[in-house]
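Engineer: These protein sequence lines map, in sequence, to chains Z and L. First residue of the first sequence: 1, per our numbering; consecutive thereafter. First residue of the second sequence: 1, per our numbering; consecutive thereafter.
I should point out that these hints are in silico values taken from the structure, not numbers from a laboratory. Hints may be right or wrong, so weigh each one.
Below, in silico cross-link-like pairs of lysine-lysine (DSS-like), each with a Cα-Cα straight-line distance of 30 Å or less [what the hints assert, rightly or not]:
| # | chain 1 | residue 1 | chain 2 | residue 2 |
| --- | --- | --- | --- | --- |
| 1 | Z | Lys52 | Z | Lys69 |
| 2 | Z | Lys69 | L | Lys70 |
| 3 | Z | Lys111 | Z | Lys54 |
| 4 | Z | Lys3 | L | Lys57 |
For clarity, every value in this text was computed on a predicted model and none was experimentally measured.
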Amino acid sequence: LAKTTQPISMDSYEGQEVNITCSHNNIATNDYITWYQQFPSQGPRFIIQGYKTKVTNEVASLFIPADRKSSTLSLPRVSLSDTAVYYCLVGDRGTGGFKTIFGAGTRLFVKA
Amino acid sequence: NAGVTQTPKFRVLKTGQSMTLLCAQDMNHEYMYWYRQDPGMGLRLIHYSVGEGTTAKGEVPDGYNVSRLKKQNFLLGLESAAPSQTSVYFCASSSRQGGGYTFGSGTRLTVV
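Go ahead and model the full structure; you've got the sequences and the hints to work with.
Structural biologist: Spelled out as structure tokens, the structure:
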């Protein structure tokens with residue numbers, strides 16, 4: 001089971017681009033990388049999932065280098081409403097790993 | 001499209017009482033999960049199910065039981081509640097084809 005390491009917290013200002021990096025040195029060949037966002041008193045919400053290179057959707061981009069031992073979630077032009085906890089998970093595409101450990105995630109604070 | 005629905009949203013139990021939390025999903029997902037989240041911490045997997053009629057233990061299964069008699073429902077039971085089980089409980093589901101987890105809005109349980 002691939003373990004992930006993320007920064008505990010990050011600060012940013014409105015309008016800036018935020019990059020959150022996750023390390024997963026033991027990622028397996030079949031593992032995907034998935035990021036979630038969680039607001040207080042809500043369940044985590046799926047943001048983006050990728051296997052290699054770059055994936056982009058309407059809310060974020062995910063950059064994965066060739067060795068796949070890390071990944072970077074990029075949030076363009078953040079707003080106050082992006083203040084949340086962000087989790088990086090590595091595992092099977094459908095499950096994220098049946099014993100996925102979410103960890104403490106990265107607490108992003110966006111300031112005005 | 002409701003996604004994942006959890007009932008109840010809030011509950012207060014006395015030590016030793018029992019209760020069942022209900023999770024229902026309408027996305028025809030194969031996999032379902034129960035997590036607990038304590039203040040300031042990530043999510044910990046209690047039990048999970050890979051299909052109707054199957055269940056398995058996660059990271060913190062003690063004191064809980066589960067059942068999945070129908071594909072769309074996943075029940076979490078507390079036979080004899082303890083104060084240590086005070087937490088927010090999240091149910092999630094996912095598809096074998098990917099797309100990550102879809103979470104419910106959570107059940108806030110207090111055991112006094």
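Engineer: Regarding the pair lysine 3 of chain Z and lysine 57 of chain L, is the alpha-carbon distance no greater than 30 Å?
Structural biologist: Holds, at about 19 Å.
Engineer: Tell me if the straight-line CA distance from lysine 52 of chain Z to lysine 69 of chain Z falls inside 30 Å.
Structural biologist: The given pair, whose Cα atoms are some 10 Å apart, holds under the 30 Å limit.
Engineer: Run the distance test for lysine 69 of chain Z versus lysine 70 of chain L: straight-line Cα separation, threshold 30 Å.
Structural biologist: It is violated: about 39 Å lies between the C-alpha atoms, which goes past 30 Å.
Engineer: Is the Cα-Cα distance between lysine 111 of chain Z and lysine 54 of chain Z 30 Å or less?
Structural biologist: holds (28 Å)
Hint 2 alone, counting from the list given before, is not met by this structure.
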